[in-house]
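Student: Those protein sequences? They're chains A and B, same order as listed.
Here full-length UniProt numbering is used: position 11 in the first sequence is 11, and no number is missing along the way.
Here full-length UniProt numbering is used: position 244 in the second sequence is 244, and no number is missing along the way.
These are computed hints drawn from the structure, not numbers from a lab.
Calculated cross-link-like contacts (lysine-lysine; reagent style DSS-like; alpha-carbon spacing at most 27 Å):
(1) B:K340 / B:K77
(2) B:K195 / B:K289
(3) B:K362 / B:K394
(4) B:K9 / A:K111
(5) B:K214 / A:K32
(6) B:K247 / B:K37
(7) B:K362 / B:K289
(8) B:K37 / A:K111
(9) B:K77 / B:K9
(10) B:K245 / B:K37
(11) B:K263 / A:K32
(12) B:K165 / B:K37
(13) B:K214 / B:K245
(14) B:K77 / B:K362
(15) A:K32 / B:K165
(16) B:K263 / B:K192
(17) B:K195 / B:K214
(18) B:K247 / A:K32
(19) B:K327 / B:K192
(20) B:K80 / B:K37
(21) B:K245 / A:K32
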Amino acid sequence: MSVIVTDAGFAATDWAADLDAAEILTLPSDTKPQDVDLSGAPKLVRVEFPSSADGRGFTIARVLRDHGYTGKLRATGHVIADQYAMARRCGFDDVEISDDLAARQPEDQWKFRANWQQNDYQSRLRGA
Amino acid sequence: MYTYSEFDKAFLAERNAQFRAQVERRIDGSLTEEEFKPLRLMNGLYLQLHAYMLRVAIPYGTLRSAQMRQLALIAEKWDKGYGHFTTRQNIQYNWPTLRDVPDMLDALSEVEMHAIQTSGNTIRNVTADHFAGAAADEVGDPRPVAELLRQWSTDHPEFQFLPRKFKFAVIGAEADRAVIRAHDIGIQLVEKNGKRGYRVLVGGGLGRTPMIGKVIRDFLPEEDLLPFSEAIVSTYNILGRRDNKYKARIKITVHENGIETYKELTEARFAELRPEFEGVDQQILANIKSQFAAPAFRNATTEAYDAAYYSDPVFRAWADTNLSAHKAEGYAIVTISLKKHGETPGDATADQMRLMADLGEKYSHDDIRISHEQNVILPHVHKSDLPALHAALKTQGLATANIGLISDIIACPGMDYCALATARSIPVAQEIAQRFDALKMEHEIGPLKIKISGCINACGHHHVGHIGILGLDRAGVENYQITLGGDGTEEATIGQRTGPGFSYEEITNAIERIIKAYLAHRDSADETFLETYRRLGADPFKAALYPDKAEGKSNAA
Chain A
1 MSVIVTDAGF AATDWAADLD AAEILTLPSD TKPQDVDLSG APKLVRVEFP SSADGRGFTI
61 ARVLRDHGYT GKLRATGHVI ADQYAMARRC GFDDVEISDD LAARQPEDQW KFRANWQQND
121 YQSRLRGA
Chain B
1 MYTYSEFDKA FLAERNAQFR AQVERRIDGS LTEEEFKPLR LMNGLYLQLH AYMLRVAIPY
61 GTLRSAQMRQ LALIAEKWDK GYGHFTTRQN IQYNWPTLRD VPDMLDALSE VEMHAIQTSG
121 NTIRNVTADH FAGAAADEVG DPRPVAELLR QWSTDHPEFQ FLPRKFKFAV IGAEADRAVI
181 RAHDIGIQLV EKNGKRGYRV LVGGGLGRTP MIGKVIRDFL PEEDLLPFSE AIVSTYNILG
241 RRDNKYKARI KITVHENGIE TYKELTEARF AELRPEFEGV DQQILANIKS QFAAPAFRNA
301 TTEAYDAAYY SDPVFRAWAD TNLSAHKAEG YAIVTISLKK HGETPGDATA DQMRLMADLG
361 EKYSHDDIRI SHEQNVILPH VHKSDLPALH AALKTQGLAT ANIGLISDII ACPGMDYCAL
421 ATARSIPVAQ EIAQRFDALK MEHEIGPLKI KISGCINACG HHHVGHIGIL GLDRAGVENY
481 QITLGGDGTE EATIGQRTGP GFSYEEITNA IERIIKAYLA HRDSADETFL ETYRRLGADP
541 FKAALYPDKA EGKSNAA
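When you get a sec, could you build the whole thing from the sequences and use the hints?
Tutor: Shown next as structure tokens:
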């Protein structure tokens, strides 16, 4: 089982549970983001994080957003609470973690970074 | 000099609060050491051989006196009363306890400093020419650009977990005093048809596979710097190898894919990113530039300097080695040596830091620099103040006249501190410095750069030393390999290995044999070691290093 994390904390249910498999596109961390085919208009793109030290997913998310993907984007796997702000700033909507990780890093540690829009050098330099 | 904006202050306060919470969570067990490791590394906290080590960034090597005083206070309050200046314009504290680190970071924030991204696989402290704003030969001051890059790279959400660490260096002159060709990205301010821009190099680095950076854009318009940098690093984040940490640096990525492919991918990403930067970054840069305006230099006589120069031989020796040309008439750039013979290169005590802070405030427009060569620079000193400055430096053992000479050695911490080291570096540097001081040969030998690394990672830049020394572990015994002919300037060259290495006991004798060969072969006292090496090649030095082998050869012939 897994837990979905949003700015509000741990979600009771997963909104994506009712989606058909065809509506979900799952990308491994070694995906070349410029080659991803979004023509099937997926409702959810899941980007895998095999390890919290593997930051490729952050670039994958940014490139998908720059290429015009406006659907839901989910970081899934070994993402830790301290990376929540990075994930949100790179364009992810939510994060999917294991029950084990959720037990070790409880909800308050994730909500601590729900303020990810504050103190952000990137939005300042881009003038957004 | 740059003063933090309200934004910078708020960011740092929040970041320090986060790290305080992370330290608490590590102590209460909700973070494993494996999870805590990248977080402490992003905040400059290493686990070394004997203790934690906190590495504090000195962005573009620039300090105000108040900042230097705070570094002294931190050394006394939470460490053993000294700090170590590194080859990347950082200061390291070698003995903090984990619980004290959040307080140390708060103390740093009081003077607008931090330890963010001084380690970990992220964009590290942005370094610059230590003579910036003072050198006579520069197109522009590189520090405003370095500050803009600092802000852009700090907490960059996409680049906190790169394949490997990533280093920027910026210069504003043709002369390369920041070794930009050995950085992941090197940036040089240039002018073309009256317009300011940047030459951008990528894929340089030392370590176990030294490479000279390659030009990825010969002239990048000023306003394109951030999106172009972002495109380079974004490309690296996807393309860089993660299967082998020894092949993960961008130099290998560029080498394996070829600069043309790398450039193509970067340019494609740049085209996507360019529209996101609408010009606010250029307004911020203009504001930063205004804060780096040159101080008001005074017109005054240099009689006091001239008198001391002719009457005091100790002062004269110091002036001849430790001063560099300043752009303003009557001024000099002063390099304070942290390489007193027999001391640890780059170490300064709290008392020495306070003295340098006072002198920087009194004589150098409150402007102090740390060089990658592990010395301290007062960039704007009027010559008439030099005798008083020199006298004050003597009181704390800071008046050593050896800049650019054989004892002005770069050395990494080596096995005395570092968990990665395979051999000692500091005692080797100390012994070489003391040997040539005892022989009174230092000034006769003239300009010579010795650089020592205690392992293959090359923190001591041995590849670009005129004489490079690399300490390895051969079956439990320290063994020192020698390279010759390296050069870290705009003529960047990787040194060539001479042959078999030498034991700890033999390495200083080996260096002495090289030096004697140089003195015997130079065509005049004006020909430097590097020039002689370039004229003659390695053979006469190899013959001096390995006499038995040379004999064997001639017998065979």
